[in-house]
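Colleague: Note that the protein sequences, when read in sequence, are chains U and H. Reminder that position 135 of the first sequence reads as 135 in my numbering, one-by-one numbering, no gaps. Reminder that position 318 of the second sequence reads as 318 in my numbering, one-by-one numbering, no gaps.
Quick caveat, the hints were computed from the structure, so don't treat them as lab data. Heads up, the beta-carbon is just placed ideally off N, CA and C, and yes, glycines get one too. One or more hints might be untrue.
Just a sample of chain H residues kept apart from chain U, beta carbon distances all over 10 Å, derived [to be verified]: (1) A196; (2) H209; (3) E225.
To give a feel for the contact side, a few chain U residues facing chain H, derived at Cβ under 8 Å [what the hints assert, rightly or not]: (4) M17; (5) E19; (6) S27; (7) G84; (8) P106; (9) E109.
Here are the chains, one letter per residue:
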Amino acid sequence: MSAKDHVVFVVDDDVGMREALDELLTSAHLNVVTFGSAAEYIGFAKPALPACLILDVELPDINGLELQRQIAAEQHPQIVFLTGHGDIPSSVRALKAGAVDFLTKPFSESDLLGAVHIAIAQDREARLQREKVATLQQRLDTLTPREREVLPLVVKGLLNKQAAAELGISEVTLQIHRGRIMHKMEADSLADLVRMAGALGV
Amino acid sequence: MTLLGAPSAYVLVAIALTAIIGLLIRYRKLQEALRRSEQSLGRFLDTLPVIVWRATPDGEPDYINWRAASHGRRSLADVVNLQRQGKLEHPADVDLTTREWARARETGKPFDVIHRIRGVDGLYRWYHTRAEPLRDDAGRIIHWYGVDVDIDGRKKAEEALRKSEQELRLFLDTLPAMVWRANPDGEPEYINQRLADYLGRPVTQLAQHRWREILHPDDVDRAAEEWGASLATELPLAGQYRFRRADGVYRWFQFHAEPLRNTDGRIVHWYGVQVDIDDSKRTEEALRATQAQLSRASQMATVSELAAAIAHEINQPLAAVIANAHAVQRWLSAEPPNLDRAQLTAERIIRDGNSAAEVVSRIRALFKRTELTRAQLDLNEVIAEVSRLMTDEVSTRNVRIETDLAGDLPTTWADRVQMQQVIANLARNGVEAMESEESHPRVLSIRSRRDGTNSVLVEVRDHGRGVDDVERVFEPFFTTKENGLGMGLAICRWIVEGHQGRLWATSSSPRGATFSFTLPIGARDSR
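Sequences are here, hints too, so could you generate the full structure?
Modeller: And the structure:
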């Protein structure tokens, strides 16, 4: 991995632990930023890079699981939890809420690095996905109101004749709208357009 | 003859006249005597301290003595008048009197009523009126003779007595307790209504040792013994026994008996009260059971919390050590190896390893029997050292340490460090006990004394909230502090007992606690 294509956030109140994580991740060629508390992490201006958050469950200001719940609504990096005593209910909760892994201290190097790489990869994928959707959304925004009406009928699989009848327009007019939609959405085929509509939730 | 005859006629007349005059004089004298006798009778009747009256056979009063007349300042006519108008007697008594008077006249049997008569002052007074008939030879009633005796004072006293008796009885019966009285031999004589209702039997069914029937079979012998001892020693009795309710259920009672003595000091009666404490007794038992469970549970919880705390303390540096070790491996196996970073990381490994070891040794120090170096030790020196060491800690908490050390304190054979530990621990507990309280004065006193011939005594006294259970405070994991391990006092006691001494706690009055310990005086061979 290159220097600027990812970041690993570490939140742990124990200085020794923070340093050790920094050291280990750095030695594995990862970019690391460490924080002593959840508040510090929240207040940090995060770069727009694929990221992983290594979160200690027992934080002084807020429980790691609680932090996970709080940031769930936002776009946040994938989380790898660390805990001094891994109780099963907490780990189940964390994993159900989307954590990549839940590691008990002391953890093995391979478990941690494996989890971090998975997290970064997932975050990268998620970011790409979000970008794609954003692009499609931009294209969707260029459609006229009539075209917005035609689009769902087309992707639903209606024949031109049926769609035209539904909207009370001629088949020819409908075909013109459809052509414009394909063009504006940069769709290669009807199948492509259906996929796009699915991603946009149309 | 004629002449002779004439004078003799005069003589006869004269004799006759003389006789008549004599008779007249005698009659006169008799009349006088009768009048005098009547007068004296009237005076006698008037002087009698009762009302005397006479009535005709049909009940019409025709005489009352002067007392009645003067007492009410009424004439016979007034009395008759008032009676006719029904204003003489109390309205509540009129029927009774009228009925009785009619019955007496009808049957000729004596008349006897107690009733209220109104005086001129308008107030009614109680009278006891009795009348008997006087008959002629044929047995016909000629007159009724009667007396009215004023019994108002007695009647009022009787009424007051009855009222106070009634009140007392009502009081005893409504008292929310069961009350009884027994004779000097312990035989029950009286029980109040509440007790009778509870037992479902009157006091008569308790005599001749039948009171044994109302006690729980398990309590009978104990109660008999204690009650017997009380009767023999004449001392009050207080005990708790189960009494049988009418429906057969036994309930716990707090039972008290006290003797009442006369002026000679002899017991006249035993008085007793018993209060139903069954509910509170049950609650108390349940509470005690819950407390025992709770203390076991909390002890378990403390142990597991302690274990978790220790695990966390050790785990943290251990995880850092492992992570750092992996990093070192990476720095060394990198191309080219990053020796500087490896060196730095290795140093951190040592640091974190040491910190884990330190946690372990701190915990070991709490529990492990360390090597003791005992020597002749002056406890006064130790106390002075401890109070000097604690000066800062104490002043930030706004507390003052006062020491009162015996000048002639003998030395003991003890370990200096351990004694410091004990005294510092007791002192710190005392200071902390006064922290959150409105303790006054905020003074911790440490005192040393010789105790008998072969030991010395040290007392650490605070003015904090005191201790609830002077034994439990010494149990391991017992703590009232938020962050306490609950090991301090347990270790202190272990140390003192290891020195053949004794450590105990007492609650001081009005507030605060005193922790005292003794150590034997002397040399190595005394151990």
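Colleague: Could you run down the list of hints and mark each one as holding or not?
Modeller: Cross-check of the supplied hints:
No Cβ of chain U approaches the Cβ of A196/H within 10 Å, the least distance being about 63 Å, so the stated non-interface status holds. Distance check for H209/H against chain U: the nearest CB is about 68 Å away, which clears 10 Å, and the non-interface claim stands. No Cβ of chain U comes within 10 Å of the Cβ of E225/H; the nearest lies about 60 Å off, and the non-interface call holds. For the restraint placing M17/U at the interface with chain H, the shortest Cβ-Cβ distance is roughly 5 Å, inside the 8 Å limit, so the hint holds.
Satisfaction of the interface hint for E19/U is found here, the shortest Cβ-Cβ separation to chain H being roughly 6 Å, below the 8 Å cut-off. With a least beta-carbon distance of about 4 Å to chain H, the hint placing S27/U at the interface is held under the 8 Å criterion. At its closest, the beta carbon of G84/U sits 5 Å from a beta carbon of chain H; the interface hint therefore holds under the 8 Å criterion. For P106/U, the suggested interface contact is upheld, since its CB lies about 4 Å from the closest CB of chain H, less than 8 Å.
The beta carbon of E109/U comes within 4 Å of a beta carbon in chain H, closer than 8 Å, and the hint placing it at the interface holds.
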